[in-house]
Each structure stands twice: as C-alpha cells, then as structure tokens.
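S.K.: Sequence:
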Amino acid sequence: EHVTASDRYGLWVDRERGLFSSWYEFFPRSEGAHRNARTGEWVSGNFVTAAERLPAVAEMGFHIVYLPPIHPIGRQYRKGPNNSLDAGPDDPGSPWAIGSAEGGHDAIHPELGTFAQFDAFVARAASLGLDVALDLALQASPDHPWVKEHPEWFTTRVDGTIAYAENPPKKYQDIYPINFDNDPVGILAEVDRIVRLWMSHGVRVFRVDNPHTKPWPFWEALLGGIKRTDPDVIFLAEAFTRPALMHTLGQVGFTQSYTYFTWRNTRAELEEYVTELAGEASNYMRPSFWVNTPDILPSYLQYSGPAGFKIRAALAALLAPSWGVYAGFELYEHQAVKAGSEEYLNSEKYEYRPRDWSADSLAPYLTLLNRVRRQHPALQRIRNIHFHDSGSPDMICFSKRLVGAGPDGTDDTVLVVVNLDPHSVRETTVRLDLAALGIDPQALFGAHDLVTQTTYDWGEANYVRLDPFVEPAHIFVVRRNP
6 EHVTASDRYG LWVDRERGLF SSWYEFFPRS EGAHRNARTG EWVSGNFVTA
56 AERLPAVAEM GFHIVYLPPI HPIGRQYRKG PNNSLDAGPD DPGSPWAIGS
106 AEGGHDAIHP ELGTFAQFDA FVARAASLGL DVALDLALQA SPDHPWVKEH
156 PEWFTTRVDG TIAYAENPPK KYQDIYPINF DNDPVGILAE VDRIVRLWMS
206 HGVRVFRVDN PHTKPWPFWE ALLGGIKRTD PDVIFLAEAF TRPALMHTLG
256 QVGFTQSYTY FTWRNTRAEL EEYVTELAGE ASNYMRPSFW VNTPDILPSY
306 LQYSGPAGFK IRAALAALLA PSWGVYAGFE LYEHQAVKAG SEEYLNSEKY
356 EYRPRDWSAD SLAPYLTLLN RVRRQHPALQ RIRNIHFHDS GSPDMICFSK
406 RLVGAGPDGT DDTVLVVVNL DPHSVRETTV RLDLAALGID PQALFGAHDL
456 VTQTTYDWGE ANYVRLDPFV EPAHIFVVRR NP
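To convert, take the position in the sequence shown, counting from 1, and add 5; that gives the working numbering.
Among the clues, some could well be false.
Distance ranges between label pairs, derived from CB positions [unchecked claim]:
1. Gly-165 with Ser-363: 48 to 56 Å
2. Asp-197 with Asn-288: 23 to 31 Å
3. Gly-191 with Arg-233: 19 to 27 Å
4. Leu-202 with Asn-41: 32 to 40 Å
5. Gly-409 with Glu-225: 34 to 42 Å
6. Leu-202 with Arg-485: 47 to 55 Å
7. Val-8 with Asp-394: 38 to 46 Å
8. Glu-285 with Leu-350: 34 to 42 Å
9. Gly-45 with Glu-277: 46 to 54 Å
10. Glu-432 with Ala-368: 48 to 56 Å
11. Ser-11 with Asp-438: 29 to 37 Å
12. Ala-106 with Pro-173: 28 to 36 Å
13. Val-8 with Thr-372: 45 to 53 Å
What the hints contain is simulated information worked out from the structure, not anything from laboratory work. Computed from a predicted structure; not experimentally measured. For glycine and all other residues, C-beta sits at the position ideal for the given N, C-alpha and C.
When you get a sec, could you build the whole thing from the sequences and use the hints?
M.R.: Here's what the structure looks like:
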C-alpha cells in the first residue's frame, strides 16, 4: 500500500574517467618556443617539443592533458600582448580566433606540425597513461573558411558587417560567434564531422568552450549522436553562467562541468556549494574544480603567496572527484594585468610563454595530491562528503568514506582539515561526527597524516594547529584502533 511511482528517467553510464579525473592544461606552442638567435623573432613550439613535457605531466599523476585550440589562427583583428588591438607581425594571436587560409576546425596550425606529428603526440601521451583533450570552440575568426562558404552561419548587422563576440566588459574583435538559427541542420552536420575527425585521431575527451551560448537541442543531438556510437567520449562544459543553465548542460548530456569553485574561498561558501553539488545536482552534473585557467587568475591567488596555491590545490583535489590545473600554477604565477582584473599579465592567450620548469615548483605537492586521490577510492566520489565542525571560520574540516573500499574489505575513510588563511597560523578544536567516520562514539582512532606521515590518536574533539607556511592541510587516513 506504500508503493509509489516516480517519473521515468534515462540512465547513462560513463567510463570511470567521466567521474574521476585530474586535468592539466598547457599550450603546445609555448613548449619549446624560443627567439631566433639571428633575427630575434619568435619560433613556435610544436607537437614534437610539446611531447617532451608529457612525462612530467604524467609523473605528477594527471589523467588528462588538455590543449587549447590547435587550429590555424586568423590574421584580421588579431590580438596582441595583453589583449591589445595592435598585434605585430611576430604576435601569434589567440588560439580561440580559429581559422585562416590554412583551414579551420579540421586543420592544424602549420607551426604546430602535421597530423602525423599530432598522432605521435597522442600516442606518446597514451603510452604514459594520459588522455589528450582538445578544445571544441564553436566560433570563427574573420578569416575562417566558414565566413565565405557559409555566411548565413553568422549574425550580420544592419551595416552588413558580421557581429563579433562580446562578453561584457570583454570584447573579442577577432572572433565571430555562430548563429544557430539559420541552418541548424547544416551546422550540426559540420560539427559532428569535425568531432569525429579528431576522434579518428585518438581524441576521446573534449573541453567545450562556452556551451551555454549555444542551443540545448544542438547539444542534445550532437552529444547523443556521439555517445550512441562512441560511449567512451567525454565532454567537459566550460560554462560560468547561471546555476540553472549549468545544471541544464549536465542534463542534456555533458559529462563534466566547470563550477564556481574558483570564486568560493570561505568555509561557509565552500560548505554550502559542495553540499549543493553533492545533493540532487549530482544526479546529472559532475563538477570539475579548476584552480585557475588561462582566462581566470582568481584574486585569492594574486595575493596569497605559495601557501595560497597549496590551499587551493588541496581543496580542489580533495573536495571534488575531478579537478584541473592550468600550467604555471605550479610556478606560482600570480601577476594580474592590472588591479581588480582576473586576467594574467602577459597572458599566454596572446603570446608565447616558455617556462623554466626547473624553478622552485609546487609539482611535488600536486604529485602527492594526485597519488592520494588514486590510492583512496573515497576521494573519487562526491556524494559521500561530510562536513565536520572545525570550530573556526578560517578552518574547514571534511571527510569522505567509502564502505568496503579499503584494505581487506575495510572502509576507506579520508579526513581533511585545511587552514583557509594563507597569511596566518590558525588553531582550533575540531569536533568530529564519529558516526560519519564509521567510528564508535567516544572511541579513539588513528589519524595518519599522508602529508607528514605522522599518526595521531584522535577522538571526538581534537586540537589542530596549521601553519600555512609549512603545511596548510592535514590529509588523514582513518585507522581504527584494535
């Protein structure tokens, strides 16, 4: 008599990488880029030189190496350094201004190499256990072949010119957005062809640029068609928009989604947001926590020093099953183009940015975080998160437990305490919900810190002192005392 019926829902099962993944983004053109000793002109890096970076990415424990657009770049209205409108002949332009006389979305920038060299890059990544993700940016430079072949795919102003892209206050004079109203069938067929072309070259992961500005039926048709034939392909939605739109992207078929994590810094903000993501939204939206992107240098990182970089990495890697890092994060790159801006000074979007990877680096800490994530299945989920009372607004405490996933069928339980203040030592009394840890009330347990390899006897109430200049986070594995 108490039987009830719910609505009927479709069920989709992705490969494990759809839920649990660590992303690393870098620009192939910057790896190996240098100035010609004779002329002083820049020489671009390419797939051969970029492949030399892959072992280091794999050694840090990342699963996916993501490349910004690798296509030819337009010449008209090309952007110069720091998004200026006066590009010189030596400026490479933004990779997102896709298309030139050399081709469009189905072509490779000549300076990066050939399809054979791209295939070798993908093969090298695969040999190291890395997936290669490509950027799917559905837009065009004024020089893209589409502009001449399909002018109806763009929005024409009253004066006959094509409207360029704008995301106030940002303007993208070098990019034309696509108008899906005039030929939705033709655009869908073309994009499907492009995606399948890159799939045929070993690409099984796509990061999709600004998907929330395209029609939902388009994504349902495109993603549904790809998944019917190739269910292992993953699509990450790069969308920083209203929550309802972000949720809808998950509902129409995107595997993962960017989130607001980048701007959630306080304990209250983090607890509220992660609780939301771990709740009903987790039925259709898988979050990916990115500490930075080429577009976003959060103000927190601009002023927090190396301790802040550690804090944000620990939070992203341990709160969410999927997280991402843009190259330069491990080198503590933190200079904004101007006060109040989230744009990098000398942004890599508009110029070559070769880096000295032998410099002091956060790479060992990123390696530790990814190793802990791989070794503890509890961290590969989000619905199992539980927040505990840290006793301080500057300290956050949470745990993840997966029943039967530990050694010999025991539970895998990880307990994390993070000092959110990158400038000060903080101390507090953490009060734990022992039932959430699978521990009997009033019992003591072993809290083994995976960072320092120190074990403490903990119970319901525990004193914690964290110095952000030494170690801002405890990452404990919970061990029941005999």
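S.K.: Next step is simple, just say for each hint if it's right about the structure.
M.R.: Hint by hint, here is what the structure shows:
Range check, Gly-165 to Ser-363: about 54 Å between beta-carbon atoms, so the 48 to 56 Å window is met. Our hint of 23 to 31 Å for Asp-197 and Asn-288 holds, since their Cβ atoms are close to 27 Å apart. Gly-191 and Arg-233 have their C-beta atoms about 21 Å apart, which keeps the hinted 19 to 27 Å range intact. For the pair Leu-202 and Asn-41, the beta carbons lie near 33 Å from each other, so the given range of 32 to 40 Å is met.
Separation of Gly-409 from Glu-225 is about 37 Å and conforms to the stated range, judged on CB atoms against 34 to 42 Å. A hinted range of 47 to 55 Å holds for the C-beta pair Leu-202 and Arg-485, which are about 53 Å apart. The given range of 38 to 46 Å is respected by Val-8 and Asp-394, whose C-beta atoms sit roughly 39 Å from each other. In this structure, Glu-285 and Leu-350 meet the distance hint of 34 to 42 Å, their C-beta atoms being roughly 41 Å apart.
For the pair Gly-45 and Glu-277, the supplied restraint of 46 to 54 Å holds, since their beta-carbon distance comes to about 53 Å. Taken as a hint, the range 48 to 56 Å is violated for the pair Glu-432 and Ala-368, whose Cβ atoms sit roughly 29 Å apart. The hint said 29 to 37 Å for the Cβ distance between Ser-11 and Asp-438, and at roughly 30 Å that hint holds. About 32 Å separates the C-beta atoms of Ala-106 and Pro-173, a value consistent with the hinted range of 28 to 36 Å.
Under the hint 45 to 53 Å, the C-beta atoms of Val-8 and Thr-372, about 52 Å apart, fit the expected range.
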